[in-house]
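*Asks:* Chain by chain, the residues run as shown.
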Amino acid sequence: MKDLVNFFHQVGKLKDMPRRGWVINDIKNPESIAEHIFRASLMVWILGSKKKLNIERVLKMALIHDLCEIYAGDTTPYDSILPKNHKKRKEFMKTWPRFSDKEKKRLSEKKHKKEKIALEKLLKNLPRELSSEIKHLWYDYEKGLTKEGRFFKQTDRLENFLQAMEYWKKYKKPPQGPWWEWAREFFDDPVSLEFVEEMAKKFHHKIKPRA
Amino acid sequence: MDEKKFYLTKQKLAELEKEHKKMLAFEKNKATGEEAPKIFESEDINPEFISFQEDMIFLRSRIKELENILANYELIKNPTKENKNIVNLGAKVLLEIDGQKDQFIITGTLEANPSLGKISNESPVGKALMGHKIGDEVVVSSPIKTTYKIKNIKYEIS
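Each protein sequence line maps, in turn, to chains P and Y.
Under the working numbering, the first residue of the first sequence is numbered 229, with each subsequent residue one higher.
Under the working numbering, the first residue of the second sequence is numbered -4, with each subsequent residue one higher.
What you were told as hints is all true, and nothing was included just to trick you.
If you want the footprint, here are the derived chain Y segments under chain P, 3+ residues with CB under 8 angstroms: (1) 54 to 64; (2) 91 to 98; (3) 119 to 125; (4) 135 to 149.
These aren't lab readings, by the way, just hints derived from the structure by calculation.
From the three backbone atoms N, C-alpha and C, an ideal C-beta is built for every residue, glycine too.
Just chain P, with the same shape it has in the complex (with noise of 0.2 angstroms):
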């Protein structure tokens, strides 16, 4: 019971993990890990439920998929490129970043390993059962090795995306471009697609295109 006291208070971190991407966007307040966590496992269970999908196990992926970031910290798109000045930055932030194929293996792979080293830190004095479930869940998740696991990580997006519209409303940040442009390469599963059309509906309604 120690090694399980211990793994519930180093969870309960995420609680005040602010999430990476709003705080390079100076959003007020940005939500914690553990919030995104919530709404995410929320949507795949109700959206997962449209689709034939063992909703335990993706249940339970979508608790654990973030772990990793109590030790490796949450990381963007933008990280590697982020200038320190404000004013660049702001301008940064005002373009989808695209990267060299050599460059986009190299970021992959890094993150990748940092946030394995990290579950692996996290889990280690859990019985061995526990923690053999958690990060296979997590590797199917990462390399979408089932149909759950591929499901969640549209999922995990589509919050993330659904997140960045409801700031926008609010703040008018971050800039709407990169994001539509990012999810119009990464959405494919119809369910998350229909969830996309929905949110265009409801926060681009009055917007005009870009010329």
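Position chain Y against the provided structure of chain P, taking the given hints into account.
*Replies:* Then chain Y, alone, in the frame of chain P:
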């Protein structure tokens, strides 16, 4: 299981077939109580993580998943000579996106990984690019307009 069609490269198909074979062997060994062989050597399955000593549920769901894919796949093939300059599955497309350069490979949903530049043919951008040729400007504008100018198309399907 749903009967969605999975578009696969030859390389991915070989990887999945190998993995399926090894998983079945492992499941059989596990059932007869024999010691687990070292089975996961492919790049997709990390041997450090997937020991499967405890997680038979994951093993079975992965086997089920692989069987569904192997029963419902279609191989991505090189296009005919006259279609080589048209975007289709397997195409490596060099683009200028609102002034920035990027390169995508158009894949099926299973191999899609946008952070590695692998864009699904079922995503709005993947779908919009399909059927276009070098020099075309593809505009995706729902709700914010982005222009994808096709600079080059290559096929490197083994």
